[in-house]
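Oh and the sequence shown: position 220 is 225 in my numbering, straight run, nothing missing.
Keep in mind the hints are simulated off the structure, nothing from the lab.
Do not take every clue at face value.
[Unchecked claim] Mimicking BS3-like on lysine-lysine, the simulated pairs with C-alpha atoms at most 30 Å apart in a straight line are:
#	residue 1	residue 2
1	112	211
2	251	197
3	112	185
4	275	175
5	185	175
6	175	112
7	251	185
8	185	211
Just so we're clear, the structure is a prediction, and the values are computed from it rather than from any experiment.
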Amino acid sequence: MRLMRALMMAAIVSLALTSVPYLALADGGATYVVRPGDTLAMIAAANGSTAQALADANGLTDPALIRVGQVLMISGATSVTSRSSRPAEQPSSAPTPPTRLPVYTVKPGQTLSQIARELGVSLAAIVDTNGLANPDQIFTGMVLRIPGAQSETVLIGPVTDTRFIASISKQRCWLYEAGKLTGNWRCSTGRKEAPTTPGSYRIQSKINPAYASRWDFWMPYWLGLYYAGSTENGIHGLPYDPQTGKRTWEGLVGTPITYGCIMLDDANAKTLFDVAYIGMPVVILP
Numbered sequence: 006m007r008l009m010r011a012l013m014m015a016a017i018v019s020l021a022l023t024s025v026p027y028l029a030l031a032d033g034g035a036t037y038v039v040r041p042g043d044t045l046a047m048i049a050a051a052n053g054s055t056a057q058a059l060a061d062a063n064g065l066t067d068p069a070l071i072r073v074g075q076v077l078m079i080s081g082a083t084s085v086t087s088r089s090s091r092p093a094e095q096p097s098s099a100p101t102p103p104t105r106l107p108v109y110t111v112k113p114g115q116t117l118s119q120i121a122r123e124l125g126v127s128l129a130a131i132v133d134t135n136g137l138a139n140p141d142q143i144f145t146g147m148v149l150r151i152p153g154a155q156s157e158t159v160l161i162g163p164v165t166d167t168r169f170i171a172s173i174s175k176q177r178c179w180l181y182e183a184g185k186l187t188g189n190w191r192c193s194t195g196r197k198e199a200p201t202t203p204g205s206y207r208i209q210s211k212i213n214p215a216y217a218s219r220w221d222f223w224m225p226y227w228l229g230l231y232y233a234g235s236t237e238n239g240i241h242g243l244p245y246d247p248q249t250g251k252r253t254w255e256g257l258v259g260t261p262i263t264y265g266c267i268m269l270d271d272a273n274a275k276t277l278f279d280v281a282y283i284g285m286p287v288v289i290l291p
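Work out the full structure, taking the sequences as your base and the hints as a guide.
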């Protein structure tokens with residue numbers, strides 16, 4: 006009888022463990038895709054971690070609220086290092102954004118006609134260059150590309166608010182909080198056949214994670230900016246496969262590789278996501 010009970014317990018333990026496998030990543034980290042019936046405690050037990058450690062690693066305020074298809078970073082697992090422990094790139098590790106750029110920042114009370122006259126550029130040229138659907142809908146702080154401006158260089162002035170700036174040519178991004186530079190990171194923009202559109206935007210959606218049905222991958226720390234046809238382009242961390250958890254374009258941050266979005270390392274994407282709010286200014290420079 007004892008032998009029968011021991012065999013039954015071994016089978017139960019084996020079933021529990023095989024129902025909650027983890028997916029090892031190339032850099033030694035691990036993720037797990039939540040399946041029907043999973044609980045955080047089950048996943049933690051099968052991976053040599055604790056429910057609280059997983060909740061902390063994944064920013065879960067309520068450990069009970071996990072959903073099927075969600076990808077969790079495995080923290081505290083035996084012989085596994087969580088990706089969340091990787092240090093983010095420090096703001097002081099790269100030069101600050103340039104202060105003179107081929108753009109113009111809209112001042113309070115200005116109209117597009119006034120700006121065109123001031124810079125000696127036609128109104129139609131500014132509208133076409135910036136893809137403005139309505140020339141009357143410009144706002145203070147909006148950054149415009151100025152075609153034919155003298156030396157293609159216009160002072161944009163100091164940043165005094167909270168905003169995110171990305172440079173396509175430099176593959177570099179900067180986060181400002183209340184005028185203070187807090188993030189200075191490598192980033193990726195769109196590939197040649199799917200370029201990122203320069204311009205001045207405001208964050209219009211905030212989702213973690215967002216699903217891209219066209220390419221069948223999840224995008225962590227999603228911040229939507231503008232629509233390119235029926236597809237919304239935005240800012241996100243490393244996309245991953247919904248079935249395997251494998252990171253798309255891992256190791257390629259700093260290379261123009263996306264389908265029009267701005268991509269950051271996960272740690273930096275989370276930092277931006279935590280600061281970002283709907284309506285926050287985002288400037289994408291050529």
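Outcome of the hint check:
Proximity of residue 112 to residue 211 is assessed by CA-CA distance (about 28 Å); at most 30 Å being required, the pair is judged to hold. With a C-alpha separation of about 24 Å, the suggested pair residue 251 and residue 197 falls inside the 30 Å cut-off, and the hint holds. The hinted pair formed by residue 112 and residue 185 meets the criterion: a straight-line CA distance of about 21 Å does not exceed 30 Å. Between residue 275 and residue 175, the direct Cα distance comes to roughly 22 Å. Compliance with the 30 Å bound is thereby established for this hinted pair.
Between the alpha carbons of residue 185 and residue 175 the distance comes to roughly 21 Å, so the proposed pair stays at or under 30 Å and holds. A threshold of 30 Å between alpha carbons decides the hint, and for residue 175 with residue 112 the separation of about 26 Å falls inside it, so the pair holds. Restraint check for residue 251 and residue 185: not satisfied, since their Cα atoms lie roughly 35 Å apart, outside the 30 Å limit. The suggested pairing of residue 185 with residue 211 holds, with an alpha-carbon distance near 23 Å, which does not exceed 30 Å.
Against the hints set out earlier in the document, a violation occurs for number 7 only.
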